[in-house]
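> Below, each chain spelled out in residue letters.
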Amino acid sequence: MAHQATEYNPRELQACVASRMLEDKKSVFVGTGLPMIASMLAQRTHAPGLLIIFEAGGMGPQSPVLPISVGDSRTFYRAVAASSMHDAMSVTQAGYLDYGFLGAAQMDMYGNINTTVIGDWERPKVRFPGSGGANDLGSLCHRTIIIMGQDKRRFMEKVDFVTTPGYLDGPGARERAGLPEGSGPYRVITQLGVYSFDEETKRMKLLAVHPGVTIEDVKENSSFEIIIPEEVGTTKPPTEEELRLLHEIDPAGMSIGK
Amino acid sequence: MEILLEGEGELLGWHDPDENRKWVLENKSRHLHDKRMGVKEAVGKFVRDGDYVACGGFGHIRTPMALIYEIIRQGRRNLAMAGKTAVHDIDILIGAGCVTRVEVAYAFGHELRGLSPAGRRAVETGQCKVVAEISNAGYQWRFLAGMMGVPFIPSRNMMGTDTLKKSCCKVVKDPWSGKPICLIPAAYPDVAMLHVHRCDMYGNAQIDGILVEDFELARAARRVLITTEEIVDNEVIRNEPYRTAIPFFLVDAVCEVPYGTHPAEMPYLYFYDEEHIGEWLELSKTPEGTKQYFDKYVFGVEDFQEYLELVGGVRKLNYLKRVERFQEPMRAPWLEKK
Numbered sequence: 058m059a060h061q062a063t064e065y066n067p068r069e070l071q072a073c074v075a076s077r078m079l080e081d082k083k084s085v086f087v088g089t090g091l092p093m094i095a096s097m098l099a100q101r102t103h104a105p106g107l108l109i110i111f112e113a114g115g116m117g118p119q120s121p122v123l124p125i126s127v128g129d130s131r132t133f134y135r136a137v138a139a140s141s142m143h144d145a146m147s148v149t150q151a152g153y154l155d156y157g158f159l160g161a162a163q164m165d166m167y168g169n170i171n172t173t174v175i176g177d178w179e180r181p182k183v184r185f186p187g188s189g190g191a192n193d194l195g196s197l198c199h200r201t202i203i204i205m206g207q208d209k210r211r212f213m214e215k216v217d218f219v220t221t222p223g224y225l226d227g228p229g230a231r232e233r234a235g236l237p238e239g240s241g242p243y244r245v246i247t248q249l250g251v252y253s254f255d256e257e258t259k260r261m262k263l264l265a266v267h268p269g270v271t272i273e274d275v276k277e278n279s280s281f282e283i284i285i286p287e288e289v290g291t292t293k294p295p296t297e298e299e300l301r302l303l304h305e306i307d308p309a310g311m312s313i314g315k
Numbered sequence: 031m032e033i034l035l036e037g038e039g040e041l042l043g044w045h046d047p048d049e050n051r052k053w054v055l056e057n058k059s060r061h062l063h064d065k066r067m068g069v070k071e072a073v074g075k076f077v078r079d080g081d082y083v084a085c086g087g088f089g090h091i092r093t094p095m096a097l098i099y100e101i102i103r104q105g106r107r108n109l110a111m112a113g114k115t116a117v118h119d120i121d122i123l124i125g126a127g128c129v130t131r132v133e134v135a136y137a138f139g140h141e142l143r144g145l146s147p148a149g150r151r152a153v154e155t156g157q158c159k160v161v162a163e164i165s166n167a168g169y170q171w172r173f174l175a176g177m178m179g180v181p182f183i184p185s186r187n188m189m190g191t192d193t194l195k196k197s198c199c200k201v202v203k204d205p206w207s208g209k210p211i212c213l214i215p216a217a218y219p220d221v222a223m224l225h226v227h228r229c230d231m232y233g234n235a236q237i238d239g240i241l242v243e244d245f246e247l248a249r250a251a252r253r254v255l256i257t258t259e260e261i262v263d264n265e266v267i268r269n270e271p272y273r274t275a276i277p278f279f280l281v282d283a284v285c286e287v288p289y290g291t292h293p294a295e296m297p298y299l300y301f302y303d304e305e306h307i308g309e310w311l312e313l314s315k316t317p318e319g320t321k322q323y324f325d326k327y328v329f330g331v332e333d334f335q336e337y338l339e340l341v342g343g344v345r346k347l348n349y350l351k352r353v354e355r356f357q358e359p360m361r362a363p364w365l366e367k368k
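Residue numbers (our numbering), protein chains in the order written: chain C, 58 to 315; chain U, 31 to 368.
Be aware that one or more of the hints could be misleading.
[As the list claims (entries may be wrong)] Computed spacing ranges between beta-carbons, pair by pair:
1. U:Y298 <-> C:D81: 26 to 36 Å
2. C:H103 <-> U:S59: 54 to 64 Å
3. U:L145 <-> C:R233: 26 to 36 Å
Hints were generated in silico from the structure; no laboratory data involved. Even for Gly, the Cβ is constructed at its ideal location relative to N, Cα and C.
This is chain U alone, in the form it adopts within the complex (with noise of 0.2 Å):
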């Protein structure tokens, strides 16, 4: 195939096929086993410095907070991080120093709220580096190649496009068509995270609404950490099998926390806390307030259950779930300001 073109973007977490098909059979078991445990416990054991991660949801929709708070907690540095719609999660990693490379597709911004001042500020001193831009259907395409053990999948997207030019993808031409199409390069992160709605213990996964690309994203991830809502018997899953998103064998550890994505959404369970965000999003405005935002929230407290109670605990999480039921409206300080 001729190439036209290739993009001069870092190309993070690709492996050769067959390479990574091997690390799968060495390491990846199938034996249905118990993998409850605590997020210490979790991120001790799956998360190590200059990993590549990837984290599940959308941003600031059922993203991984405990995992992320317990990363921050346990000093974890150099970490490379997928920008595929990364928002409040990427922001609080780089933020907190976690996280000095990233491929964006969409990050340092908050959608309606603005952008984020602690990953602007990242960037534009060089703190924290982009190695790569792609789109986020490059992105969610990176993780089907994963998925499907090719080593790329082809595409009509980004094409002509200084996104193209900054990404890790090519240009050929396409033999049937002979038309140009672009060569969306496999991702394997070292680790993915994802927040669940229901999980047995051995890490059969139900998510309710949209799978976002979870779906992709676990089966491309060489570890799989779960935190979910709740932990239910198998028989919940054996009864609705078509209910799971993500089946136990994909899955390296299974985290039981309430709650778990708060200041995120948790669709039909609870809303944003804009409170919250709108909290991070005025202290993160100076290094000073950053630090002072940790001290408080993830340095200050023991675990996720402390971080509950300090962010305004059962009055604040049932007022949560009345706006995500549209039963009352939402309060967001950064609204003021608009």
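Isolated chain C, as found in the complex (with noise of 0.2 Å):
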């Protein structure tokens, strides 16, 4: 029996929930940050055949520590291939991606996602990134998995720029745009909870609470209304196990704190 921890910061936390969403003999494109723990959490507990793709190449590794960065050397540590970003973006719009991974700054009722800018993009009052590899693993992953901080600034009604796409405006926007069929955001993890998107209308829906959070905490941190079903689970805290990998993985504490 696995021991529940009575103490974890909510990056843990949210690693360990991500973590838990993917499977074993299945296929994930990680993007920076908190999504490359996760899979690398699941690699060492539920899912050791679990294929880890990164957009630069790596395919397959299975490295000691958390990479910084999505192209650097232990993307590839132990890999099955060190290959290039076109055979990486290529066997994914091919469809032999299950799962795609992100981070993001800003999000919409739809699952689109904001990594450009805030304000006006010729003027841009905070200037992001970009999409990097987000706009072709939200294009081209057959599920997509988006893992983010939530208040009323990041859950908004309209984000400012639509860098990687949710479902757009609705059912079949997607696919009238002309993005594969069937692809599309699959859950949101924030440290509230966790979504799913409803199956007629598109739009995010309460899914479970983490432990000590109320549905109250959830609609009071959304600028946009979630749907809340009748039966709302909650998720599982961290094990002790779960913690210890962690910290195995990210001694350094770069992703998840000390």
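Mind assembling these two chains? They're in different frames, but the hints should get you there.
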């Protein structure tokens, strides 16, 4: 029986919840930040056969520690291939990637993500790095998982810039735009809970709250209306073993803190 | 073909394929000859004000830092740069005032280290202009089209987003499936700069580990400048020709610069110098600090050798080798503030 930890920080919790979503013997295209550590944790727990792909060409690595970049040598340590971006992006477009795993700065109720600018594009108030590989993951993987902080400024009625496609403006919009059939956001993980997307409306729907979080907390920290179903689950806190592994993967505390 | 949507972004580095073939015919030598030179000569000869430039590697991995410092030292201005995941390379060049236009897939960030103070300040004050957005796959496929000598590559990413609206791409109706398809135009950078593990004097270059998009970039760019950890005999290349990522006829200059990507990472050889990157991230928070950095590390030294001494010499470089091989934990000042 796994021992549940009593003390953990929000990033540790998010990493553990995210990691449990990834299935063994499936593939995941991993973006920078928490997605990296969550995927590595999954590999060390329930999903030893998880195939991790990095955009710069690392395929199937078994890295002992967290990379700083999605292109550094840790992303192809003991990998099955040290390939190229053309290869990684092409196999994704061809349908080999089950999950895409991303961070985000702002998101709307259809899961559209902004990592480009706050304010006007021509004269930005804040300039973020842009798409990087995010648009490619969000366009081309079968299912996208998004991990991000949640508050009213991040869960927006309308994002300032759609960097990466969610369900755009609703059901069927992705296919009409030309994106691959059946792809799109699958789960969103924040410090408050886990969300899915409603089958009919493609709008964000609460799936579970984290221990100690109320539905009111979830509503108060969003600028758009989140669908609240009758049944809402509660996520399991990290186990002592998961926490130990997280700190083994990230001994310096780059991603999950000290 | 019916055009469904046209991106508003500036089209950097595009040429009609026939125009580029003609340029290649007239300007690129097929002669196997010695191309060794110093970085000073390479930049002096091949990088001009206003050029559209791209760096190999991945922004802070295998980036051609010796050439970048030399561009700053020689005072090149108004460069347009491919933000094809550009990290430390573009931050330094923007901070120094050399780059004023960027097509952005990824720029102004340092991944886990946070955002770039210098790059962001330049964009938010209008000193540097983002002329177009694109995604990483999008940029990489611009080089693929350039390498293939075709005007564009069709793709299925970016559609439906503002990234596409602000890009140089177009969406058309695919004549086969009838579905919308994105057309990504070719890019032919004026100059590509790449740092590699080994290369012979003619420019036959090998890269250990992931190629990122260097294979395509080196074939799309008009001028290719290579810095290498070591220059090897042509026999080394001929014994294992399957390891050549970039053959000589693409290459214009070969410069031997050991540790030439410092403070970036050279896979299998040495890790990022997080203390140095941390110093840059700290100093570049203000224009005065930025100037101080360049005065010390670029204008205050004669060449890359002297710079390596200044950043900690053999002792520091040996430490970075040990970190790369997991023999020592890394020291990173930016981590203390997390």
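> Against the structure, test the hints numbered earlier, and report the numbers of the ones violated in rising order.
none
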